[in-house]
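A.B. asks: Take these sequences, add in the hints, and give me the full structure.
Chains as they are written, first to last, in my numbering: chain A, -7 to 280; chain B, 24 to 312.
It is possible that part of the hints are untrue.
To be verified - DSS-like mimics (lysine-lysine), calculated; alpha carbons at most 30 Å apart, straight line:
1) A:Lys245 x B:Lys263
2) A:Lys245 x B:Lys267
3) A:Lys40 x B:Lys267
4) A:Lys66 x B:Lys267
5) B:Lys165 x A:Lys171
Calculated directly from the structure, the hints in this document are not laboratory data. Computed from a predicted model, the values in this text were never measured in an experiment.
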Amino acid sequence: MIIAIASGKGGTGKTLVATSLALALKDRDKIQLVDCDVEEPNAHIFMKPVITRSEAVSIPVPRITEDKCTYCGKCAEVCIYNAIAVIEKNVLIFPKLCHGCGACSYLCPEKAIKEEERIIGIVETGYSDGIAFAQGKLAVGEPMAPPIIRKVKSLMNNNGTVIIDVSPGTTCPVVESVKGSSFCLLVTEPTPFGLNDLALAVETVRKLNIPCGVVLNRAGADDSLIAEYCRQEKVPVLLTIPLDIEIARLYSKGITLVNGMPQWRESFTRLFDQIEEIASERSRDIER
Amino acid sequence: MKEVVILSGKGGTGKTSLVGSFAALAQSKVLADCDVDAADLHLLLNPSLKEDHEFWSGQIAVIDEEKCNECSLCQDVCRFGAIHEFQVESVSCEGCGFCYQVCPAEAISMREQLSGNWFISDTRYGPLVHARLGIAQENSGKLVALVRQKARQIAEKQGLDYIIIDGPPGIGCPVISSLTGASLALLVTEPTLSGMHDLVRVLDVCRYFGIPASVCINKYDLNDDNAREIESYCLNQEVKVVSKIPFDNIFTEALMQGQPVVEYSQSEVTNEIKSLWQFISHALEEERR
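C.D. replies: Structure follows, in structure tokens:
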């Protein structure tokens, strides 16, 4: 089973939930924690994994073989990303605009374009405390997260439970991370910002046709905003974590909730049981 | 006209709350919400919508079943795994058009996508340019660039001094698009190990693009040791820590009322934010000269 932890709004507690869920389950199943927030990966801060393997992630970008090139301009014409320009007898390549689709080299009539790999980040795998770990890291100054996310996801275990820590937002990196999951947990907070972004996240997950549930973090005085929304939209609230300065302090030190406050362990195993039930119900529905 | 962009790396450190307060404090400015993935600034500024524009950007491939002879060349060349069983999975298609170029049956067309909307609104603090990228869409960087361009046009037309940009979390495409060419970046962090880790990366991004950056530590008293560590790190990096804001539930209370915190209360927090804005406006003034 693959469980993605997403949120829409940043800083609501995705990593807190992902790490504690992974640790709470490790005696029950084979667990892998996968950090797909490749722009700002934080799960490693809490898991302190031993990294056993590290691999560069690159995308293929074009290189022109000058003596074969006739400056016909076909490559520039087919490149939708404007990563190639042909000006008189010059071919300019803008590597950061290139998505590595390969159209230019395939379509060059002179076979004058070769592809070379350009590194845009790394993926790492390892283990921590009985849990398999994988993460991706986008290199500073690089714009494109999805190729790294795809690479990290190619390192996912095929069996057991995989927990994916997702980046904030609702667009391409989030879709790339959440796609293919059996369930998506959405972590939110009881504020107008939390609600606004939760609604966007629910729409995203629904578009991907993945069942979802909510973790309400920093709950306290007035949770009616989120409760009302979830009732209306029929999205179950599966776990509530109160606003507690002690929890915030543990987090600030890089200590997971279930290790800092072991009484929470059971809440996370119960959370998993509910997720499992909803996900299997959904797959039964699909079979029918 | 000068642009300040508020970034953080890590989400949820208080960017939008601070921008809402700067909106109330600054004279002569345009506000730009560049977190087009999950825009929230409007929730604090109670805008009245003046203009609503469609944002058409990017394309996706569409296969005409009638013409398709199922040769599967499109599937073979697509590097994004977006074509299965002679159908395009729209969320995976990056719109490169490779399949369209090679299809021998000319069965593939590229269709422009309505990727979102952008808006110009009036608020009692001044004009606001904001946007909403469609669910699961790409091209957030282009929409961010458009929001900034519109904000600049308004500033020029109305002779306004500043553009205050509420930036997105992360370090990727929409962040780079929010940052490049700005006069100053304010990096809002928190004294957590995650906040510090992400600050280091976003600071590197600022350096990479040559944008001067200053740091604000929000909720600094949540962990004094970490706050000190951030200060000494910044000292080493010759980056100024220009503000330390205490942990205070007043941020949430103001937000629940839909108000910038400096208007909601008079407290230590409001004083700190006021002096932070003073620093920023001075820094921008100096840039102007």
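A.B. asks: Decide, hint by hint, whether the structure agrees.
C.D. replies: Hint-by-hint comparison with the structure:
The straight-line distance between the Cα atoms of Lys245 (chain A) and Lys263 (chain B) is roughly 24 Å, inside the 30 Å bound, and the hint therefore holds. Restraint check: the Cα-Cα separation between Lys245 (chain A) and Lys267 (chain B) comes to about 19 Å, which is no more than 30 Å; the hinted pair holds. Distance restraint check for Lys40 (chain A) and Lys267 (chain B): the Cα-Cα separation of roughly 29 Å lies within the 30 Å cut-off, and the hinted pair is therefore satisfied. For the hint linking Lys66 (chain A) to Lys267 (chain B), the alpha-carbon distance of about 55 Å lies beyond 30 Å, and the restraint is violated.
A C-alpha spacing of about 23 Å is found between Lys165 (chain B) and Lys171 (chain A), which places the hinted pair at or below 30 Å, so the restraint holds.
Comparing the model with each earlier hint shows a violation of hint 4 alone; every other hint is respected.
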